[in-house]
Amino acid sequence: MITIELNKRQEKILQIVKDDGPITGEHIADRLNLTRATLRPDLAILTMAGYLDARPRVGYFYTGKTGAQLFSDKIKKMVVKDYQSIPVVVNESVSVYDAIVTMFLEDVGTLFVVDENSVLVGVLSRKDLLRASIGKQELSSIPVNIIMTRMPNITMCDREDLLVDVAEKLIEKQIDALPVIRETEHGFMVVGRITKTNITKAFVSLAGEEII
Numbered sequence: 001m002i003t004i005e006l007n008k009r010q011e012k013i014l015q016i017v018k019d020d021g022p023i024t025g026e027h028i029a030d031r032l033n034l035t036r037a038t039l040r041p042d043l044a045i046l047t048m049a050g051y052l053d054a055r056p057r058v059g060y061f062y063t064g065k066t067g068a069q070l071f072s073d074k075i076k077k078m079v080v081k082d083y084q085s086i087p088v089v090v091n092e093s094v095s096v097y098d099a100i101v102t103m104f105l106e107d108v109g110t111l112f113v114v115d116e117n118s119v120l121v122g123v124l125s126r127k128d129l130l131r132a133s134i135g136k137q138e139l140s141s142i143p144v145n146i147i148m149t150r151m152p153n154i155t156m157c158d159r160e161d162l163l164v165d166v167a168e169k170l171i172e173k174q175i176d177a178l179p180v181i182r183e184t185e186h187g188f189m190v191v192g193r194i195t196k197t198n199i200t201k202a203f204v205s206l207a208g209e210e211i212i
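Going by this note's numbering, the first residue of the sequence shown is number 1, and it counts up by one from there.
These are computed hints drawn from the structure, not numbers from a lab. The C-beta atom is built at its ideal place from N, Cα and C for all residues, glycine as well. Among the hints, erroneous ones may be present.
[What the hints assert, rightly or not] Using C-beta positions, here's what the derived DEER-type ranges look like:
| hint | residue 1 | residue 2 | range |
| --- | --- | --- | --- |
| 1 | ASP165 | GLU26 | 40 to 46 angstroms |
| 2 | ARG150 | MET48 | 43 to 49 angstroms |
| 3 | ASP158 | GLU11 | 39 to 45 angstroms |
| 4 | THR200 | GLU160 | 16 to 22 angstroms |
| 5 | ASN91 | ARG40 | 55 to 61 angstroms |
[Claimed, not checked] Straight-line alpha carbon distances no greater than 25 angstroms define the calculated BS3-like cross-link-like pairs of lysine-lysine that follow:
| hint | residue 1 | residue 2 |
| --- | --- | --- |
| 6 | LYS81 | LYS169 |
| 7 | LYS136 | LYS173 |
| 8 | LYS76 | LYS201 |
| 9 | LYS18 | LYS8 |
| 10 | LYS81 | LYS173 |
| 11 | LYS8 | LYS77 |
| 12 | LYS196 | LYS76 |
| 13 | LYS127 | LYS169 |
| 14 | LYS74 | LYS18 |
| 15 | LYS77 | LYS173 |
| 16 | LYS169 | LYS74 |
| 17 | LYS201 | LYS81 |
| 18 | LYS127 | LYS196 |
| 19 | LYS8 | LYS76 |
| 20 | LYS169 | LYS201 |
| 21 | LYS77 | LYS169 |
| 22 | LYS196 | LYS81 |
| 23 | LYS169 | LYS136 |
| 24 | LYS169 | LYS196 |
| 25 | LYS127 | LYS77 |
| 26 | LYS196 | LYS77 |
| 27 | LYS74 | LYS196 |
| 28 | LYS201 | LYS8 |
| 29 | LYS18 | LYS196 |
| 30 | LYS8 | LYS127 |
All chains should be modelled from the sequences, with the hints used to inform the complete structure.
See below:
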């Protein structure tokens with residue numbers, strides 16, 4: 001859980017606003033025997049962090065939110081487009097062997113399969129390719145469209161979807177990645193990918209933010 005540590009002066013400012021808000025910056029400065037200029041950075045930090053809000057000609061007031069609530073609010077504003085990565089796609093006609101090579105070279109766990117119009121038609125996971133590799137089959141002669149997960153059994157997401165909602169889909173479906181799609185007249189085009197790693201990095205980055 002993220003911890004936003006406030007200095008003693010910022011804690012005093014919060015207490016003043018809790019007790020007497022809404023209150024202007026000038027009145028807060030007077031209460032602390034400080035100049036308005038000295039106080040301005042602290043008020044900016046507390047406002048940006050979400051502890052305080054300000055209204056013109058009214059002053060500052062306390063939002064009533066705890067550190068945990070502020071962290072939750074930030075998570076709920078994170079959207080896919082800000083954290084998605086470049087998708088790795090293969091044509092539905094390529095062989096299982098070529099798909100394995102592509103997955104290895106690109107160092108990804110999921111491939112998105114498209115048709116001649118670059119429309120999403122399937123998804124290939126490491127498990128799919130591993131299952132196909134078991135046995136004595138000639139992998140270079142088997143097209144990936146034989147083993148891939150097909151539409152409409154593909155879980156997808158949009159660039160504007162909330163990251164937390166996508167995380168729930170990954171957990172629910174027990175998969176590693178989702179294609180980020182854009183709908184066209186021909187079908188769904190793959191414009192990105194969002195993975196467990198993307199989401200983990202995003203949440204860790206948020207948890208590591210410091211309010212300075």
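Hints and how they fare:
no. : hint                                : verdict
1   : ASP165 / GLU26: 40 to 46 angstroms  : 44 angstroms, holds
2   : ARG150 / MET48: 43 to 49 angstroms  : 47 angstroms, holds
3   : ASP158 / GLU11: 39 to 45 angstroms  : 42 angstroms, holds
4   : THR200 / GLU160: 16 to 22 angstroms : 21 angstroms, holds
5   : ASN91 / ARG40: 55 to 61 angstroms   : 58 angstroms, holds
6   : LYS81 / LYS169                      : 16 angstroms, holds
7   : LYS136 / LYS173                     : 30 angstroms, violated
8   : LYS76 / LYS201                      : 16 angstroms, holds
9   : LYS18 / LYS8                        : 15 angstroms, holds
10  : LYS81 / LYS173                      : 21 angstroms, holds
11  : LYS8 / LYS77                        : 30 angstroms, violated
12  : LYS196 / LYS76                      : 17 angstroms, holds
13  : LYS127 / LYS169                     : 18 angstroms, holds
14  : LYS74 / LYS18                       : 23 angstroms, holds
15  : LYS77 / LYS173                      : 23 angstroms, holds
16  : LYS169 / LYS74                      : 20 angstroms, holds
17  : LYS201 / LYS81                      : 14 angstroms, holds
18  : LYS127 / LYS196                     : 16 angstroms, holds
19  : LYS8 / LYS76                        : 30 angstroms, violated
20  : LYS169 / LYS201                     : 17 angstroms, holds
21  : LYS77 / LYS169                      : 17 angstroms, holds
22  : LYS196 / LYS81                      : 15 angstroms, holds
23  : LYS169 / LYS136                     : 35 angstroms, violated
24  : LYS169 / LYS196                     : 11 angstroms, holds
25  : LYS127 / LYS77                      : 33 angstroms, violated
26  : LYS196 / LYS77                      : 18 angstroms, holds
27  : LYS74 / LYS196                      : 19 angstroms, holds
28  : LYS201 / LYS8                       : 32 angstroms, violated
29  : LYS18 / LYS196                      : 40 angstroms, violated
30  : LYS8 / LYS127                       : 54 angstroms, violated
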